[in-house]
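**Q** Listed below, chain by chain, are the residues.
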Amino acid sequence: MDKLFDLFKPTVIAEWATFIAALCLLPSRVGVWRLFMLLLLATIVVETIGWYSTYIRKLNNNSWIFNLLMMICTVSWIWIFRFAEPMAKASKLLQLLIAVFVCFGIGNLLFFQGFRIYNWYTDALGDVLIAVVCCYFFYVCLQEEEFRDLFRYEYFWLANGLLFSSLGSVVLYIFIDALYAFKKHTQIYAYDYINFGLNFILYGSMIIAFICRNRNTRSSPGS
Amino acid sequence: MPQQEYAIVTGIVITIIVFLLAGFFILVLVAYINQRKKKHIEEKKTMQLNFQQELLRTQLEIQEQTLKNISQEIHDNIGQVLSLAKLNLATADLNKMEVLQQKIEDSRKLVAKAIQDLRDLSKRLNTDYVSDMGLARSIEYELELIQKTGYFETDLRMEGNVYSLGSQKELILFRIVQEVISNIIKHARANLIVVELSYGPELFSMRLFDNGQGFDLGIVGGKQPSGGGLGIKNMHNRAQLIGAQFSMTSTNQKGTVVDVRLPRPT
Chain A
159 MDKLFDLFKP TVIAEWATFI AALCLLPSRV GVWRLFMLLL LATIVVETIG
209 WYSTYIRKLN NNSWIFNLLM MICTVSWIWI FRFAEPMAKA SKLLQLLIAV
259 FVCFGIGNLL FFQGFRIYNW YTDALGDVLI AVVCCYFFYV CLQEEEFRDL
309 FRYEYFWLAN GLLFSSLGSV VLYIFIDALY AFKKHTQIYA YDYINFGLNF
359 ILYGSMIIAF ICRNRNTRSS PGS
Chain B
42 MPQQEYAIVT GIVITIIVFL LAGFFILVLV AYINQRKKKH IEEKKTMQLN
92 FQQELLRTQL EIQEQTLKNI SQEIHDNIGQ VLSLAKLNLA TADLNKMEVL
142 QQKIEDSRKL VAKAIQDLRD LSKRLNTDYV SDMGLARSIE YELELIQKTG
192 YFETDLRMEG NVYSLGSQKE LILFRIVQEV ISNIIKHARA NLIVVELSYG
242 PELFSMRLFD NGQGFDLGIV GGKQPSGGGL GIKNMHNRAQ LIGAQFSMTS
292 TNQKGTVVDV RLPRPT
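Here the protein sequences come in this chain order: A and B. Under this note's numbering, the first residue of the first sequence is numbered 159, with each subsequent residue one higher. Under this note's numbering, the first residue of the second sequence is numbered 42, with each subsequent residue one higher.
If you are wondering where the hints come from, they were derived from the structure by calculation, not from laboratory data. It is possible that part of the hints are untrue.
The list that follows gives simulated cross-link-like pairs (lysine to aspartate or glutamate, EDC-like), each with its CA atoms no further than 16 Å apart [unchecked claim]: (1) B/Lys78 with A/Asp307; (2) B/Lys79 with A/Glu205; (3) B/Lys78 with A/Asp164; (4) B/Lys85 with A/Glu302; (5) B/Lys86 with A/Glu304.
Some chain B residues flagged as far from chain A (calculated, every beta-carbon gap over 10 Å) [unchecked claim]: (6) Val54; (7) Ile57; (8) Ile67; (9) Lys78; (10) Asp117; (11) Gln209.
Here are a few chain B residues that sit away from chain A, every Cβ distance over 12 Å (derived from the structure) [to be verified]: (12) Thr51; (13) Asn118; (14) Arg230.
Backbone N, C-alpha and C fix where the C-beta goes; we use that ideal spot for every residue, glycine too.
With the sequences and hints as input, model every part of the structure.
**A** Spelled out as structure tokens, the structure:
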């Protein structure tokens, strides 16, 4: 029972909730946003594999699969902004950021942190890039000539969630060792609480973004 | 050791909170700027709507003024000419061939003049004549009409190469000219009306003046657009609407000068 409790941590519950929301709110007409279903499914599967290998198989290392998931998610989140109307002219910038991230990620995986530990250098860089993309997205939204109600715009909510999550995560990953040491000595799960808080913001914003996407594509099929 | 770790973790938590607050600040800023943008766009739309309404009102006023002028022209000029022709023919004595020929010739000239005047007038019945003829030609025509009454000397002075200011702006400028001329006719007791058009490389300027009695701008409210003098206020507002500067100066017994300056459209 304890083992099962470990599987359904608050973050995983939030992921499940978002996945169910994606299933309900993202029919075929939402276009590329259906990718979120795959990403969330992959996240849940990876969380389950991680739990299985740690708690059932008693394996010491499950970082490789989380490294892979982190890279796929970061690339997908940056890439999906390519389909936001205000970012129509930023396609090359996004491609460049993705290329930088992938090169750094592969380099880190092969030559620095490797497969056996979580590649938080890569994660931190991904968070910085995502924050840059989100801020740039806000900037181009404000530069548009026509008014756009941002609170009803799915990409705004996505950027909102990603910005908060990435800003918090950058600090979290930079001090990850200190937080783990603190957890070991005091049994206070500071890292987990902060991580859950950030994920709660991320997945909450994503669900709102799904609702907006669903509503905005009711009359016309989206990209 | 735990004390030190507590301090580190507190520092980390504070840093994360600062980062999240920075994100929150960005979002608030974005929402605020977006709201301002919405307000700005709405104001712009209202201004455009007002401009269109003012333009429509100007067109109607021009038509009204034109019809008044035409009515007066028919009554005072063409009517008189045709009456004279009729009188000539009515008093023609068939027994006096020389006198009869002279009268027929005079009547023929009078009818020809009436036809020519009618032709000129018919052009002005075209509602878009200002757009069709352009500002300079429309003003010239307006002055010709006033000159014909015999009460006023008119003069149109041009400087620089004529260029279009855009049909909407020209329409409003023409309406200002009509309004000024109408004021001169009604109140100035002048016998000279001069319009100067200067087409500069950067600036278009239009100056209208008369040699009338002038008036006290303080009383009519010319210096204060928000004051009295609805006609002057209208002209001022209309000039503002097309981005022009409007000024009016008047000296007792020395006439009134109206100056309108507009940057050349790019």
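**Q** Each of the hints needs a verdict: does it hold here or not?
**A** How the hints compare with the structure:
1. B/Lys78 with A/Asp307: holds (11 Å)
2. B/Lys79 with A/Glu205: violated (44 Å)
3. B/Lys78 with A/Asp164: violated (48 Å)
4. B/Lys85 with A/Glu302: holds (15 Å)
5. B/Lys86 with A/Glu304: holds (11 Å)
6. Val54: violated (7 Å)
7. Ile57: violated (5 Å)
8. Ile67: violated (7 Å)
9. Lys78: Since the minimum Cβ distance to chain A is about 6 Å, B/Lys78 lies within 10 Å and the statement is violated.
10. Asp117: B/Asp117 clear of chain A: closest Cβ-Cβ about 54 Å, beyond 10 Å.
11. Gln209: holds (22 Å)
12. Thr51: violated (10 Å)
13. Asn118: It holds; B/Asn118 is separated from chain A by about 54 Å at its closest Cβ, greater than 12 Å.
14. Arg230: holds (53 Å)
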